Amino acid sequence: MGVDYYNLLKVSRNASEEDLKRSYKRLAMKWHPDKNSQNNKEAEAKFKQISEAYDVLSDPQKRQIYDLYGEDALKSGQFASASPTSAGSGTGNGRGFRFNTRDAEDIFAEIFGGSEGFSSGSGAGVGRKAAPVENKLPCSLEELYKGSRRKMKISRILLDDSG
Numbered sequence: 487m488g489v490d491y492y493n494l495l496k497v498s499r500n501a502s503e504e505d506l507k508r509s510y511k512r513l514a515m516k517w518h519p520d521k522n523s524q525n526n527k528e529a530e531a532k533f534k535q536i537s538e539a540y541d542v543l544s545d546p547q548k549r550q551i552y553d554l555y556g557e558d559a560l561k562s563g564q565f566a567s568a569s570p571t572s573a574g575s576g577t578g579n580g581r582g583f584r585f586n587t588r589d590a591e592d593i594f595a596e597i598f599g600g601s602e603g604f605s606s607g608s609g610a611g612v613g614r615k616a617a618p619v620e621n622k623l624p625c626s627l628e629e630l631y632k633g634s635r636r637k638m639k640i641s642r643i644l645l646d647d648s649g
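Quick note: the sequence shown uses this note's numbering, first residue 487, plus one each step.
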């Protein structure tokens, strides 16, 4: 048998979509090549494996085929349709199920937002905080030492998901 995707993502076989996503996020952050400059080749290979596992297990059709027939069946294209229950029906149309792994960076961007990985802090993405607000506030050395309270009015534009 091929690679055990459940073991790669460190989840059980009956893991929910949320469990898969949580585990993928944790492992993707750990193995992203931009975060592992020491073992870049190893990290890149591991990141691709994790992304492939998430790509398969997060898609209900691919997951069902994987659960029934394994990784080799997904990659071989032997299925007559995307439904594993009709795999042996012999429809004769010659079309097989195509296993198409997405680029690991695309999956990472889909989960974390943006396409820059760890190389850029800019861009509004899902779950990202707004940029910090900076403003000059005059104060004396004594106020810096002892502390003080000040009120400041701040205006800024926040964009929603549609931009």
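Treat the hints as calculated values from the structure; they're not laboratory data.
Treat the hints with caution; some may be incorrect.
Here are the computed lysine-lysine pairs in the DSS-like style, where the Cα-Cα straight-line distance is at most 27 Å [stated by the list, open to error]: (1) Lys-511 <-> Lys-521; (2) Lys-496 <-> Lys-527; (3) Lys-507 <-> Lys-548; (4) Lys-561 <-> Lys-622; (5) Lys-496 <-> Lys-521; (6) Lys-511 <-> Lys-496; (7) Lys-516 <-> Lys-548; (8) Lys-534 <-> Lys-507; (9) Lys-507 <-> Lys-521; (10) Lys-516 <-> Lys-527; (11) Lys-632 <-> Lys-622; (12) Lys-534 <-> Lys-511; (13) Lys-534 <-> Lys-516; (14) Lys-534 <-> Lys-561; (15) Lys-534 <-> Lys-548; (16) Lys-561 <-> Lys-632; (17) Lys-532 <-> Lys-516; (18) Lys-507 <-> Lys-532; (19) Lys-496 <-> Lys-532; (20) Lys-516 <-> Lys-496; (21) Lys-521 <-> Lys-532; (22) Lys-548 <-> Lys-561; (23) Lys-521 <-> Lys-534; (24) Lys-561 <-> Lys-532.
Just so it is clear, the structure is predicted and the values come from calculations on it, not from any experiment.
Status of each hint after checking the structure:
Under the criterion of a C-alpha separation no larger than 27 Å, the hint pairing Lys-511 with Lys-521 is consistent with the structure, at around 14 Å. The hinted pair formed by Lys-496 and Lys-527 meets the criterion: a straight-line CA distance of about 22 Å does not exceed 27 Å. Taken as a hint, the Lys-507 and Lys-548 pair is honoured in the structure, with Cα atoms around 16 Å apart against an allowance of 27 Å. For the proposed pair Lys-561 and Lys-622, the alpha carbon gap of about 59 Å is over 27 Å, so the pair is violated.
A threshold of 27 Å between alpha carbons decides the hint, and for Lys-496 with Lys-521 the separation of about 20 Å falls inside it, so the pair holds. Distance restraint check for Lys-511 and Lys-496: the Cα-Cα separation of roughly 12 Å lies within the 27 Å cut-off, and the hinted pair is therefore satisfied. A distance of roughly 25 Å separates the Cα atoms of Lys-516 and Lys-548; the hinted pair therefore holds under the 27 Å criterion. With a C-alpha separation of about 15 Å, the suggested pairing of Lys-534 with Lys-507 holds against the 27 Å cut-off.
For the hint linking Lys-507 to Lys-521, the alpha-carbon distance of about 19 Å falls within 27 Å, and the restraint holds. Taking the CA atoms of Lys-516 and Lys-527, the gap is near 14 Å; set against the 27 Å cutoff, the hint holds. With a C-alpha separation of about 19 Å, the suggested pair Lys-632 and Lys-622 falls inside the 27 Å cut-off, and the hint holds. About 13 Å separates the Cα atoms of Lys-534 and Lys-511, which keeps this hinted pair within 27 Å; it holds.
Annotation: proposed proximity of Lys-534 to Lys-516 holds, straight-line Cα distance about 12 Å (limit 27 Å). Between Lys-534 and Lys-561 the CA atoms are separated by roughly 16 Å; this keeps the pair inside 27 Å, and the hint holds. Note on Lys-534 and Lys-548: the hinted pairing holds, with a Cα-Cα distance of about 17 Å set against a maximum of 27 Å. Only pairs whose Cα atoms come within 27 Å are accepted, and Lys-561 paired with Lys-632 is rejected, the gap being roughly 67 Å.
Annotation: proposed proximity of Lys-532 to Lys-516 holds, straight-line Cα distance about 10 Å (limit 27 Å). Of the supplied pair hints, the one linking Lys-507 and Lys-532 holds, its CA atoms being roughly 17 Å apart against a limit of 27 Å. For the hint pairing Lys-496 with Lys-532, the CA-to-CA distance comes to about 13 Å; that is within 27 Å, so the pair holds. Between Lys-516 and Lys-496 the CA atoms are separated by roughly 13 Å; this keeps the pair inside 27 Å, and the hint holds.
Between Lys-521 and Lys-532, the direct Cα distance comes to roughly 13 Å. Compliance with the 27 Å bound is thereby established for this hinted pair. Taking the CA atoms of Lys-548 and Lys-561, the gap is near 10 Å; set against the 27 Å cutoff, the hint holds. Taking the CA atoms of Lys-521 and Lys-534, the gap is about 14 Å. The hint holds against a cut of 27 Å. With a C-alpha separation of about 19 Å, the suggested pairing of Lys-561 with Lys-532 holds against the 27 Å cut-off.
Figure legend: structure checked against the earlier numbered hints; hints not met, in rising order: 4 and 16.
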